[in-house]
Structure formats: C-alpha cells, structure tokens
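K.L.:
One-letter residues, chain by chain:
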Amino acid sequence: MVSLATLKRTAEEGLRYLRRQKDVQEAEVFVASNDGLTARVNYTSHIPCNGVEEPKSTSSHGLGVRAVFQNPQGPRIGLGSEAGDLSLNGVKAALEKARRSAVHDPDFTTLPRPSPESRTLTKYHDPSAMTLTDTDLVQAGWRVLTRALDEFAKAGSLSALAQTGPKLRELGFIVGGDVTVLLERMAIGSTRLPKVQTDESTLIASFVTAMVEREGAKGTGYGCHTRLSAMRGDAGAEAARNALSAVGGVRIKDGEYAVILGPQPVTELMCNLILPSLTVASFYDCSSAFHGRLGRQVAHDDLTIYDHGALTGHMGSKGITCEGLPTGRTDLIKDGKLIGLLSSFYETERMLHDPAAKEKLGVPPEDCPSALVPRNGFRFGGGGRRFDMAPSVAPTNVFIEGRKKKTREDLLRQVQNGVYIGRIWYTYPINGLRTGDFTATVVGDSYMIKDGKLTAPIKANVVRINDNIHQVLRNIMGITSKSRGTTIWAADEVVYAPEIAVARLRLTEIAGFMDVH
Amino acid sequence: MMPTVSKAITTDLVEAFKNSAADLAAEAPDTYKLCRYADLRIEVTEEKHAGSENGTSKYAFEDSHIACGIRVLAGDSTIAPGYFGQLLGKADLPRLTQTLASGLKRAYARAVANAREKARIRDKYKDLGEALSDTRLAPVEVQRDTVKAEYAIDPRQVCLDDMVRYVTEVSRAVQDVDEQLKYNAVSAVTLVTRELFASSEGACIDQSFALTTGSVHVVAVSETGDQELSDTIGHQRGWEVVTEGIVEEHIRNLDLLTFSTNLARDAVKLAHAPPLRSSDKDVAVVTDPHFNALLAHEIIGHPTELDRALKMETAYAGRSWLLRALNDTMVGKAVASALVTAYSDPSLPGFGHYKYDHEGTPGRKVVHIEKGIFRGFMNNRQTAAILNVPPNGSCMATEAHLVPLVRMSTTVFAGGARAPEDIIREVDKGYYVVGHRIPSIAESRENFRISAQKVYEIRNGQIGQLYRGGGIMADTKTFLMKVDAVGRDFRLFPISNCGKGQPMQGRRLGNGGPTLRSRAHLTGPA
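If you read the sequences in order, they're chains A and B.
Residue 86 in the numbering used here sits at position 86 of the first sequence, and the numbers go up by one each step.
Residue 649 in the numbering used here sits at position 132 of the second sequence, and the numbers go up by one each step.
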C-alpha cells in the first residue's frame, strides 16, 4: 500500500499544476491505492480439494484527473488516469488523456462544490489490517474452514446419517466461500474544494456456504467487520451448523405463502431491486421502480430505509465520498413514504436542470432539496476506490427499520403458518427494474412455519419466487428490531438487514426431476 | 538483463518482455526450492470507449494498461497453490522484471504457507482431512506460439472524436424514432489486447485479439405501458464491427445505427402491447436463435464448467446438476431429446474465440450433449487431473491480475435440419419467444426463468399477437427432453457480461444456437 502522506502529496502537487494550466477551467485530481486480499475456501469431503483454493491478492495505485477545458463551442469535460505513477509526470500524463478524451456534456455544470455539511468520520480504519502478511491471509482462510470442519466432526446426528458407509466424508460435506480484506486509501483535491482531503478504510468480510450434499442440506454463515481481530472464523462454524440443521429437507407446493424473509433475502431484494431504484440516476433514466413517486407512499407504513456512510464501526462507512464531499445519513423511505434518493453531485445537478424533472420525480426538484443531497458519489468498480473511473452513485451502510420493535418470535406468531426464507439466489428484475417484477430461487437456510414455530427445513433449490417488489413492500406485516450486517456477492454496500414478514409471496415448486434422476 | 522498453504502454511491449518473463517462469523451480510449478501472465490492452445519452455526447475514454498475474504450486509434504496479481502503469515499466520477480516471491510464500497448513489440517482431521490433496495439473503439450489479432480497422487507429460523433449520431437517431422513447444510451468500445503466457514447463504463448462492441439501452413509455430494452453487438474484430456490421456464416451483426433504431422501434411497439399472462401449465414454445444463445449459456455452458460441477463455486455462481459426486454423474445418460446436440468451441468466431486458454492449453471443441446423451465438461488442468481426463483448454481470466477460472468459450446448441418457418407452422397453439433479456437460473442450473424481448402468440401455424413482459420457465432437463424440432438457422451472438469467481470476474463470451421447439411455462408480469 502507498502511504496516505504520499497520496496527499501527489494530490497537492497535482492540484497546483492543474491550477496553472491556461485551458483548464476547473480540475480535480483523485489519487488512490487499493489492496484486495482474498483467501478463497473450497473444501469437498468427497472430491479431492485444496481446502484453501486461492490465497491471492490484487493491488493497484494511481491517479485520475477530471478536468474541464475551455472551448469556443462550450466547456468540455474529460477524465484521464495513470496507473502506478504518483509523480507530477503521472498528473501530466493523466491531464493529457483527459484533454484528448474531453467531450461536451450538456448536463455537466461544474465539478463538485463544497457541501454545507461537514465531515464527521475520521481515523476509523483498522491499522493492523494494513499490515496483513501472506501467512496471515492463508491462515484466515484455514481458520474459517476448520471451524466448519469442527462442527461437522462433532455432530452426533451425522453418524446416523452415515449408515451407508463407515466414513463421514461420504455424506459430501462442502465448505465454500472466502475471507476478503479490502484496504483502501485515497486523496482528492479540486479547484472547487478548499483543501486536499484524504480517507482510509478497511473492510473485512467472510462469506461461507456449507452443505451436506447427499442430504441436499445447505447453510450459510457470514460476517462483516471493520477490525481484523473480529475475524475469528465464526462464519465457517455458522454455515456448518446451518447446513446440519437443514438435513431432512422437504418440498413445498406451488402457492401464495405468508413468509418471513431473513437478512440475506432482504439484502438480495435491497441490492438488486430497491436500492438501484432509489438513485437519482435511475429516476433520470426512467428505469426506477418508483418513477414519479417521490413524496408518495411506496411501501407499508411500517418500513423505514436510510443510508448512512458516516458511522464508526460499520463496514460500508467512508469519511468522504470519491467526490470529496462528506458522507452522512440520507433518509430514503420513511414510514413507507419515499422521501429521498441516493445521489452524486453530477446526478443532482443534472436532475435540478432537467426540464422533465417534475415528471420523473413526481414533484418539482426545487420543492425537495433535501431529497437530492449528493452524499453517495463513489468510484467503486471492484477492488476499492478506482482512480480510473468517474464517480457514480453507490450506497454505503443501508439500514432497514420498522416502527414497532419486533422479535423473530413476534413475526412467527403473526405468520402462524407459512415459510421462513433464509437465503435466495439470482434475484433479478426479470422484466426490467421499472416493472418491479422479480424472480429468485430459494437455496438454503429455509424452514416451514407451522403454528407459529419453525419446523421442517426446506430442501435447497426446490422453490422459485415469482413476484413483484411493490406487492412485497405493500404486504409487509412486521420487521424485527434486530438486524445484521449483510453483503451479497459482488455488491459494495452493506445492508443492516432485519427479518421482515410479508403477508403473501408467490412460490413455485421446481426441479422435481432432481429427486429421481 | 533489463529489456529496453518504449515510453508508452502499447501492445508492442509484450515483445520486449517476452524473453525475460519466460526465463523468470522457467527458472522458478530452481529459484525456489519448494516450487513445483509456476506460470506468469502479462496482458497489455489499448482501448477506447465512447458513450452518449439522448442524442448528446456523454463520455469518452482512451487508455492503455498493463496487468500481471502469477500462480505458483509449491510445498513439501503436500502441494498447494498461491497467487499474486497487480495492475501496473507506465512508471512500472523500467522495473517490470523486478515487479514480476517480487510477485513470484509473494505467490510462492502464499503457496508454501498454504501447503504447510494443508498438511497440518489433513493430519488433524483424519477422515474429513483425507480429501485435502496435492494440487496436480493434468499434463499438456508445451506450446510456444504467436497469434495475431484480426481486424479491418485497427482499434488503435480509430479517432476518439469520431467514436464520440458516431455514438452520438446513433443516439440521436434512436431518439428520433418515436417521441415515446423517454431515454436512450448508446456506447461503443474498441480495443486490442495482447497476452503473454509463460510457464515453468517452458510454454511461451503470445496471443493478441481485437474486440469491438456496441450497446444500446432504450426506455419507451406509452399511455398503456412501458418497456426497457438493452442489447449488444460485438465481435473480435476492429471498429468496422460497429460502423459497418459483420456478416459471416453464423453471424449477422448489424451496424450499430441499424441495430439500435430497430431495438428502439421494438421498445415502442412493446410499450403498446398487452402484457403476457403466465400459464398454469406447459405450452408449446418456439424459441429463436437469439433467445437460445442465452439459454445455451445458462443451461448448457454453466453446468458443464467442471469447477462448478466439482463444487468450487458453491458459495458464488453455483454447482451443476450434472455431477453429484465423482461416482454419480450424468455422463453417458440421457439429459435431452435425441434431437439435441450441444457443445463449446473456442474456434468459433466472436467474443468466445481463442486459440490457447490462460493455462497455455490449446482450446478445443468439447461436446456436452450428443444426440441427447451427456458427454462431458469444460475443464482446466487442475479439474481435469481430478477427473483424470485430458485438459480441453477452457480456463480463462477476465484480466491478467485475476485468477483464471473454467469458462465457457462459445457454447451452443448445434443446428438441425428444419426450416424455422416450418417449426412455427406446425404449431396449432403456442408462443414464439424472440430475443433474450434477463435470466434467473437455479443454483445447480436445474431450473430456469428467462425473459424475452418479444413473445408472439402462434395460432394455427401463424404468428399473431405481440405481448410484452413475457418469458418462459422450465426445469432444465424437462425442457431439453421435450425438444421436438431443431432449426437449421444456427446463429452466434455476443454475451457481454458473465459473472463468476470471487472477486467476481465479468467476462465477454459467445453463445448461440438455432430455432428450437419445446414446452415450458409462460411467464408474464406479476
């Protein structure tokens, strides 16, 4: 990792240089260093395997320059970047690329101006994560795996299952997943901002799936941390325990069921349907499922959702955005009413100047300034804060709350008879985001609910959900006060997801042929 | 010896570093005492992007970048892997050999630490530890070769301003199609990539390819409904792919202007069409080659990737219903009607084309289903060794700093003998499913729901009413077993983004097929 001091110095020197360029109207230099370390786990008791399959890393550092060039036909904006070079030559090269690629974008007004809000989060990262060794990385992967194997080895119930052979391993234990550590450092300076700012963050996540494959039993475990010391391999143990609980799974018939969605399905719905529809960009391009409904009721009045990027101890937190603006809380849905959207500076400006803004939002933008505050302009593109990308809109920590403080037992009592869905997969807006239609399959951690209690586990991969997100949001029956930091594959945000009871969800039985083939 | 390098990052750099990189890889087992194997990949890409929205220019981007990835297998009492990857820049060029050497050292350290832990855990867990085995690579013939990129208009010579002007004109033309088009975005990418693969076994493969793609996204809103549509054209060729289109034996790639305005017209028609009603039971469906490209991708390509079948993607992209255990597979069993043959073939043209994979194995055709009988999987050297079969060259990474995975090349349903119009004409009551949109597939690929761009009713052999929001859902094996007609209209299409691995690697691939007829549930808006 490149030191924060070096990144800051590069930004300062770069900014001084950019200010001196005669054709440059305004400019910004973004300098970043990212390390992504992953120990990928793959254990299969019935197939030769490595245990820790991929102890690996990817690293990068470099700088990007966004510059606005004076031009007789109107200002032109360009982005250029230079990998691996934090010297002034790097800035010059990036500026030249920005100059060559500059275009006239009629929606561009100015680079981000200072926000009336101020930064509240500093020095929140874990310094020990920045010095993780190769051996530490490898051991983190093995720790997760051995915690899972310990659970399998000590499970008395498995001895009975292994009746067809003397070996436990023939039951087909699978432990897959990873420990991922993402280390990010950045500095940003802009002719529009008063000073060069820096930020440093660490994200530590573990996500594990375990199976007793012969029994079609699957369980999940995961953990999101900001401190390396918190990564004790618990995700492996949890996944194995959940897989063991899923042994003896049953099928269910097609129909509409009252359901409780666990934190992972709630996160899937958030990341694939709801949050993409809660950005100013999706209102601009007419793709939001909530198009034209700002200020209106879009969900049951029990539901509140907000994004907060400036909380200590939360994995998605950042001190500043990749536009150099303070992070903070953005209220999105309050008591079921849509009151705010995630935005970057560019998207807010574009919406404010869009003649069709009233139709797109549902209200004139000047009537709802607090709904369009740019606190979420980030340069996420996989592997940290990317110096070679322009900012786009991304959530940080997303919180979901209900008005009434409920427990899982409360929700079970409400549902009485139905289905607890603990993990879903491939959740997509099957007819486009705007329609709200979605589908997914139920892949594990799920149970029948009978007489207000969790009963038989549901077999993995035998149920498909076919429904619409608006119906789900309208049919909320209750939300637990307890939530859990949850991430899903390839998502940058962390959803602090509760369990949510929904009165009706359409479930379709699938893959009957698998029981006989 | 330090190679002489140019000051800019260009694909020519690979020439300058070829020998030193090959030497570094070849000498790894001598340099590091526990090293059993090492390979090293370097990739240089020169690329240009341009984008527009609603008839106005939005962005342009021109850059070149270099990345490296290193794999080491090492250990004493057991063998395990370690990896290292890095994105590099111009400033790294004078010390590239040292950077690669340092990366090799890191990958070796990880492999050694991994091997030690593997041995310790294997001993500790006895029965459950028995599966922890040495990492072995199935043997391949060592290759030394150079493969040139193919193009008419060199992506490196395309003027960025011309690209911006072109996509902006296309976007404007889309906007002019109908006032009910509320939004459109048009983009294009053209690039040349040169990849070097060198291994401790002596392989040294230098292969280049050009790639050009154009994409369009439209939203149409009428008084009665709305419709979003997106689609992509593309080929491993130069800028001519976008401006002129490409017509080859199996490819009908329209120019981006015609392609985009056609899609816009479809979106407007669909916004006025009634929504499709879901069916309670199977109905006759005729699926067109564009729809079947995504179907082949999801229900043939993915479940026949051997790393999935061996459970290595259980936590991410999923497993495969075609292999439960090494002694419980579908190989040799009927999984489709006798009319169905499906295969992957990297020699086919398009996004999925290559001569060697990222382990230096020559890519070859892999037959997955032969007249209804399942035959086998795509593999890499590690998974081939587990099944004790020859490697078939199906191991690719999205970029050099990422770990290669088993990936489909161009996976297709083979063409048949029937005229597509006859396949439709024989249907008394059914639906014609045209163009793919969005897939959702069950974890082991045993069930799918895929939405279509357009669904038409078929009545008495004639195509009738158009519906929006439609698609089909079926269990994979049931759908394949019920295929009762296969067209002769075999076509190939680009698939612009397929995710796999952790961190997720999004990769461009090729897929295709002819018109098929089978039975499935219709799916409409909820």
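Hints were generated in silico from the structure; no laboratory data involved.
Hints should not be assumed to be uniformly reliable.
No farther apart than 25 angstroms at their CA atoms in a straight line, the calculated lysine-lysine pairs in the DSS-like style are these [claimed, not checked]:
1. Lys167/A x Lys643/B
2. Lys337/A x Lys253/A
3. Lys405/A x Lys358/A
4. Lys253/A x Lys798/B
5. Lys123/A x Lys154/A
6. Lys450/A x Lys337/A
7. Lys946/B x Lys798/B
8. Lys665/B x Lys872/B
9. Lys850/B x Lys999/B
10. Lys253/A x Lys872/B
11. Lys358/A x Lys404/A
12. Lys337/A x Lys358/A
13. Lys641/B x Lys167/A
14. Lys195/A x Lys92/A
15. Lys154/A x Lys798/B
16. Lys154/A x Lys665/B
17. Lys154/A x Lys22/A
18. Lys405/A x Lys253/A
K.L.:
Among the hints numbered above, which are violated by the structure, and what are their numbers in rising order?
P.N.:
Going through the list in order, the structure violates hints 2, 3, 5, 6, 10, 11, 15, 16, 17, 18 and respects the others.
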